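Heads up: the protein sequence lines correspond to chains A and B, in order. For the record, in the first sequence the residue sitting at position 95 is 94 according to numbering that gives the first Met the number 0, with numbers rising by one throughout. For the record, in the second sequence the residue sitting at position 120 is 119 according to numbering that gives the first Met the number 0, with numbers rising by one throughout.
In case anyone wonders, no lab produced these hints; they're calculated from the structure. The structure presented is a predicted model; accordingly, all values stated were derived computationally and were not measured. Don't take every hint at face value.
[Unchecked claim] Calculated cross-link-like contacts (lysine-lysine; reagent style DSSO-like; alpha-carbon spacing at most 30 Å): (1) K3/A / K73/A; (2) K98/B / K73/A; (3) K122/B / K7/A.
[What the hints assert, rightly or not] Incomplete in silico selection of chain B near chain A, CB under 7 Å: (4) K10; (5) K98; (6) K102.
C-beta atoms are modelled at their ideal positions from N, C-alpha and C, and glycine is treated no differently.
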Amino acid sequence: MEIKEEIKQAYISLFPCGELDANSSIDLDERIAELIEKGQYNIHVNLEDVTYISSAGLGVFISHLDILNTHNGKMVLSNLTESVEYAFNLLGLNQLITIAKEGEEIDLYFENE
Amino acid sequence: MKAYLKVRCNKEFLATIREFMKDRLKDLQVSGQLSNQIVLAVDEACANCMIHQHQCDNYSTIEVSIYREEGTLYTEIKDTGKAFPIDEYEPNQIEEIVKARRKGGLGINLIHHIMDEIQVEEKRDYYVYRLGKRIDPNLRL
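If we strip away everything but chain A, and leave its shape as in the complex, we get (with noise of 0.2 Å):
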């Protein structure tokens, strides 16, 4: 999978692109977990470009919760496709992570970081 990044000031942005399955969302979880073991514990996940997800998908972002909790650090997810969007709502996951409105600032945030 194609994982574009940005190096904010505060945080780093993730521009995965595909479909995160069983199959394809080993290289996120691997990539994120680069991150925080690197101590990078604020981080954006935009994802704009990602058709599809499965349970494997959102494991990969709930897997990281705890340890960025731990850390003080934060995960915000943004641009999330109706599709994308749905398997988080349907297990309530939205409740738990923080999801970005359309059209908001990434930078606010991640500003007291």
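Once you have looked at the hints, place chain B on chain A.
Same frame as chain A, but now just chain B:
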């Protein structure tokens, strides 16, 4: 008529199953969000068979078929692996999964949230997982 697909238990074929499901659902006049939901639930069930029942053994296969019976769309997964009682499964608590930092455990929840009927039928030397989704009975084919 049942549409039918047989694939190896390799996770790379999950995308093939999703394409098959989308195309057959379109043939059955099902599209949009309803189609996406059914595709997601079937993807979860197939991934479960491949990963947990066959350990992604490339020499094992599963078969997926889809058909309509009046107001319900049925997808059947024929699997020669050991049985996985998804029909009796207690959905996992999300908070526990987060706390345990687990990546797995959400698939069964998705299947139970989406599907109206979940059955596991034991045959002589294989199992059939049958997932049913009620649809508008007036949908014409």
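Hints, verified against the model:
no., hint, verdict
1, K3/A / K73/A, "holds, 19 Å"
2, K98/B / K73/A, "holds, 15 Å"
3, K122/B / K7/A, "violated, 57 Å"
4, K10, "holds, 4 Å"
5, K98, "holds, 6 Å"
6, K102, "holds, 4 Å"
In the structure shown, a violation is registered for the earlier hint numbered 3 alone.
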